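Novice: The hints should help you fit chains B, C and D with the ligands onto chain A, whose structure is shown.
Chains as they are written, first to last, in my numbering: chain A, 16 to 337; chain B, 16 to 337; chain C, 1219 to 1492; chain D, 1219 to 1492.
Think of the hints as simulated: they come from the structure by calculation, not from any bench. Incorrect hints may have been included.
As the list claims (entries may be wrong) - Now the in silico label distances, taken between C-beta atoms and shown as ranges: (1) B:Asp-185 - D:Ala-1438: 52 to 60 Å; (2) D:Thr-1411 - A:Ala-332: 54 to 62 Å; (3) C:Ala-1316 - A:Thr-47: 47 to 55 Å; (4) B:Thr-191 - D:Thr-1243: 43 to 51 Å; (5) D:Thr-1243 - A:Trp-37: 39 to 47 Å; (6) A:Thr-266 - B:Ala-331: 48 to 56 Å; (7) D:Ala-1320 - B:Asp-113: 50 to 58 Å; (8) C:Gln-1317 - B:Ala-331: 30 to 38 Å.
As the list claims (entries may be wrong) - Straight-line distance between alpha carbons at most 25 Å, and here's what the computed DMTMM-like set of lysine to aspartate or glutamate pairs gives: (9) B:Lys-334 - A:Glu-238; (10) B:Lys-334 - B:Glu-215; (11) C:Lys-1421 - C:Glu-1486; (12) B:Lys-186 - B:Asp-139; (13) D:Lys-1319 - C:Glu-1245; (14) A:Lys-38 - B:Asp-233; (15) A:Lys-334 - B:Glu-238; (16) B:Lys-38 - B:Asp-318; (17) A:Lys-244 - C:Glu-1452; (18) D:Lys-1434 - D:Glu-1382; (19) B:Lys-42 - A:Asp-233; (20) D:Lys-1434 - B:Glu-87; (21) D:Lys-1319 - C:Asp-1322; (22) A:Lys-42 - B:Asp-233.
These numbers come from a predicted model, not from an experiment. Every residue gets a Cβ at the ideal spot worked out from N, C-alpha and C, and that includes glycine.
One-letter residues, chain by chain:
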Amino acid sequence: MSENATTNANDNHINIYEAHEWKHPTKVAGVTWKNPVGTASGTFQYAAVRWFYDVSELGAVSTKGCSPVPWEGNQSPRTAEGPASNLNAVGLQNPGVDHYLEDDLPKLKAAGALVVANVAGHCDDDYMQVVAKLADSTADMLEINVSCPNVTHGGMSVGTDPVALASLMDKLRPMTDKPLVVKLTPNVTDITVPARAAVEHGADALSMINTLLGMRLDIRTGEPIIANKTGGVSGPAVLPIGIAAVYRTRTALPDIPIIGIGGIDSGEKALEYLYAGANAVEVGAAALFDPVAPLRIARELDDLLDARPELAAKLAAGKTWR
Amino acid sequence: MSENATTNANDNHINIYEAHEWKHPTKVAGVTWKNPVGTASGTFQYAAVRWFYDVSELGAVSTKGCSPVPWEGNQSPRTAEGPASNLNAVGLQNPGVDHYLEDDLPKLKAAGALVVANVAGHCDDDYMQVVAKLADSTADMLEINVSCPNVTHGGMSVGTDPVALASLMDKLRPMTDKPLVVKLTPNVTDITVPARAAVEHGADALSMINTLLGMRLDIRTGEPIIANKTGGVSGPAVLPIGIAAVYRTRTALPDIPIIGIGGIDSGEKALEYLYAGANAVEVGAAALFDPVAPLRIARELDDLLDARPELAAKLAAGKTWR
Amino acid sequence: MTTFTPTHDVVAEAQAAGFFPPRHTVEITDARALADRVMRLTFRDPFIASHAKPAQFVNLFTHDDFMLMPRPFGVSEVEGDEVSVIFAVIGHGTEQLAQLKAGDTVDVLGPLGRGFNLKQDANYILVGGGLGVPPLICAAQKIASLAGSVATSVIGYRDERFAEEYVSRHTDRSWSITNAEGNVVDLLNQLETSGDLDVDGLKPVILSCGPLPMMKAVAAWAAKRGIPAQLSMEQRMGCGYGTCVLCTVDTVDGRLKVCTDGPVFTREQLGWGE
Amino acid sequence: MTTFTPTHDVVAEAQAAGFFPPRHTVEITDARALADRVMRLTFRDPFIASHAKPAQFVNLFTHDDFMLMPRPFGVSEVEGDEVSVIFAVIGHGTEQLAQLKAGDTVDVLGPLGRGFNLKQDANYILVGGGLGVPPLICAAQKIASLAGSVATSVIGYRDERFAEEYVSRHTDRSWSITNAEGNVVDLLNQLETSGDLDVDGLKPVILSCGPLPMMKAVAAWAAKRGIPAQLSMEQRMGCGYGTCVLCTVDTVDGRLKVCTDGPVFTREQLGWGE
Ligand SMILES: Cc1cc2nc3c(=O)[nH]c(=O)nc-3n(C[C@H](O)[C@H](O)[C@H](O)COP(=O)(O)OP(=O)(O)OC[C@H]3O[C@@H](n4cnc5c(N)ncnc54)[C@H](O)[C@@H]3O)c2cc1C
Ligand SMILES: Cc1cc2nc3c(=O)[nH]c(=O)nc-3n(C[C@H](O)[C@H](O)[C@H](O)COP(=O)(O)OP(=O)(O)OC[C@H]3O[C@@H](n4cnc5c(N)ncnc54)[C@H](O)[C@@H]3O)c2cc1C
Ligand SMILES: Cc1cc2nc3c(=O)[nH]c(=O)nc-3n(C[C@H](O)[C@H](O)[C@H](O)COP(=O)(O)O)c2cc1C
Ligand SMILES: Cc1cc2nc3c(=O)[nH]c(=O)nc-3n(C[C@H](O)[C@H](O)[C@H](O)COP(=O)(O)O)c2cc1C
Ligand code: FES
Ligand code: FES
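One chain only, chain A, in its complex shape (with noise of 0.2 Å):
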């Protein structure tokens, strides 16, 4: 067995295909989760995945960041490699809001998902514009994204500043129920801080962490490989970065539910950010290489976790192992 796991999807032993009993629920925020793994936004559309799964088998599925009209992104190419990497520079691109309500998420809740609805913006009217339309959908839980790299306003200068992070914050709290979860960028010098601005101000849970800034050159050229020159890390590679970052926010915020992302290819690394402070992790690049990964994933989770009753129950009970 190789330490990447996804390219041997073959080798281990587990068939996705064959029926499951869940074992190990999460509660995050108050939301119970079949199974600790959901996907990460951005590296889910239904329209592609449903032919591979069925999506209710997942945790949850974190949607594409969604805004309040639609988004053209930025211009291709628009990803490079890195070693055990990927980097992304979409800008957003998605169909706004209200084709979401309309298509998207009717379909997935339809299909038995449960739903985190990623939200997506340029300013702060942006963010309340769609968190005004989410706020009595079917959505389960909403994550809203202050830490995309690649847009040219708002997006992660938000994440950034602790700050206008709480401001924006302040304005999104009011307007709905429904949990908010707030995804954090690691392009910070201390990610403990914007944490803690987002939860005295409201937040409900964190997930972290978004892509790393990054950049690939093609030495044919000497030119930038993506057309908009920098874009996002993510992959196996960024691993260690988002244990720190969930690990350090842990310590600092006992209580807060936390979503860990980054560089999860297997049960046994979803297991380490459970281990590091997470209650659950969503999956993100690791589904480009192998469309089956998250829910592979899950199955891995589930059954490491058979041997670690004691984790799985503070899990369960929306408590976590630190």
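Specialist: What follows is chains B, C and D with the ligands alone, placed relative to chain A:
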């Protein structure tokens, strides 16, 4: 040929033990390096490396961070592994500047090496004491490490605070005519901010990146692997992050010499840093996996530059691609 | 704006039978160099062999964990349960794939994307350049099995006619040209002059794959004559199956995904030659 | 404080001949399971075979680019130009190494570290536990070739006597015990009681490698009796050849490097049992 040059030391056609005339020098802050490849601080010990190759063959050697008195560093275990990366938490163990001046430095100069003396400190006073002693040493350049994530006081905090960094530079600059290279951390929101502070307060060059804050846990115990808990991530995984740091700094500060560091394990990756705007590079973690990596990379790069006369001419003249 | 309607009929078919096969490991049955840095790789995969349509592609994955991203290649031929791709050695991924030998294994996902639309009875003119040829070989193979249609191939090569053998195996009407001799538009003009655009009363429909400038020139040529043209595009990809929006191309309908909205687009969609 | 004096005499030897061999690829000549999750791997490497000393180690590297760090293993036996290591399958690295077969290749760097000091004529008592046995096999092999010394082995196993065959091949006086039966200090006490600490007038010198608690108990036992003890330590490593200071152990002289100041330290250096 694999993307991972380190695992293929034998596959490539370069015999590093063959006599070689260096074809493509570079100039960093007025100092000519015979080739653009140096070793990165903390992954080079003369006593260890001299059995493997002639250190005078390298562009430069950056020596282990040097403090006013001997430091014992952190407890063991000090290292863990990430996907395509290493985590370290040495905590700047070193025998102090006096030992450096009596032992390492004279031996390196006698061996014909171009020496970049890396300076460590817990507070401004520490840095000043070391720079005072190195000011009229035989060291060719001084590299001020304000970016170590593994010491509790000073170190990284100076590198993340442009005001503190400016004030430190105001103290160090008058102490020596030697070129001062300031080594920056990627653990900030915008690396061009400390970069600008350093340059405006007297830095002759910048080097980047130091390691990223990261962590691993052992899923057999649920506990952190490194005694210090968190460590610094380096190695191939960090390449895109280092490239972005150099490119963005080059764009913000068109004239400052930059030494690119992070994830270099082949001549091609060194070349990518030069295209991003670096004048030279340093090789760190690759030397852990392959002792001769820095020299192999220098040789590979020397050959790659043959086909790039415009870039080579710029480097030789102390200019950069961008 | 991306369309979210499933347009991938092979997937729909697969779904009817259960789920679509995930990434899996297959055996290489043949590997050969066709020219300098051009390889043909054949692997055994009954599902892909029985479902792949011309211009659909497969994602191949290297064994090197530094290179996790898919390498997409058009299906070039299907024989029994064996599938072939033809590719140029470009970077480290294709360098590594080029080292595979019969008996080795490789990971694959596919077939992916929307292939050429061959529903009309027509004289399909297959206009290809360089490594755009493989999907056209597949198209020629498919058209040869259609009762009402014929295929004419018009292929440009940089210097060496590496796929000639495979193209001509499936069509009687094949022309090719190297850069030194001219370009595919020269050949199209010759076809027009000699009255060979229509064959047995079948109207021409252009299917094209190749470098962007070539495809733009071909689209302009076709537009001027009112000839339909389907163009197979390339873009750097993240997933290849429609989940990441990393592979867009600008169309008159907005930024569409090359992987599932394409790779085949009409010249009208691309707004080329209008 | 780290010593910067070269103490690695094999390296000095190698240097006289040119440079020390860098990381290189060698062929596996034999691979076998000795017990559940315990493997013995043999590879051909004339340089290591002719230079390795007992308790020196080699860095092995996996073929998986996710795992770049060295996996250090003590040399367990040398036969001609073949070198063996015996290792437990612990994590993903050793899992992958355990899959290697004769004919495969592996990357190696070595020999590394300072071996046991065998300069004195003595009854070397080899006290090992679990996966600390391999360097002791090597020591037994070496001592058998020394004119003035003899070896006595005292080995503790968790449950299975997996290395018994290799230990007893090189020494006539060998005892072993499993966890269920007792521990190595019990065996040492028996040796003392039966008057077998001295052999042919040779004084005992303890060479030990194994779990930390075992080595501490052995050091305390030896200290109480004024018997010299050399203990081979383990630590997570970055480079294995002295360049990174990632592998320290606390000694009375400060934090020393396990890789080049050790892995062998005296009980006095470690301050154990004083
Ligand atoms: C739908 C489709 C069909 C294709 N069919 C063929 C074919 O039949 N024959 C053929 O030779 N080539 C084909 N290509 C191009 C082929 O995918 C690239 O040449 C190949 O991925 C390069 O990989 P590399 O590792 O050698 O290059 P590198 O530059 O090292 O690759 C780095 C990354 O960029 C991507 N990339 C680089 N160039 C391209 C490109 N032109 N298109 C898409 N991704 C790229 C790689 O997949 C990889 O993720 C096709 C591309 C697409 C999108
Ligand atoms: C000088 C020396 C000699 C050794 N000799 C032997 C031997 O003869 N037989 C044997 O079975 N084992 C020996 N070990 C331990 C062996 O190196 C580890 O069991 C092995 O590296 C584990 O690798 P892994 O990938 O399976 O474990 P993982 O835990 O997945 O490895 C992750 C990282 O931690 C390191 N690591 C994990 N455990 C240890 C450890 N105990 N010591 C050092 N590094 C570790 C690995 O090298 C790797 O870099 C020795 C260690 C040292 C330092
Ligand atoms: C192609 C792509 C698109 C993404 N889009 C979004 C997005 O719209 N909103 C968001 O919050 N995060 C987005 N992300 C970030 C991921 O959700 C995740 O935080 C990050 O990729 C780290 O996880 P990973 O290493 O598992 O990929 C995107 C990531 C990728 C690779
Ligand atoms: C074991 C180790 C020790 C290091 N010690 C230092 C140090 O003393 N001073 C310093 O400026 N950087 C130190 N670094 C950082 C490296 O010099 C380099 O900036 C970083 O590792 C990124 O480069 P790489 O990816 O090539 O390793 C150390 C890195 C490693 C791996
Ligand atoms: S490559 Fe992912 S949507 Fe096209
Ligand atoms: S492992 Fe690098 S100095 Fe010991």
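Novice: Hints the structure violates: just list their numbers, smallest first.
Specialist: When the structure is compared with the hints, none of them turns out to be violated.
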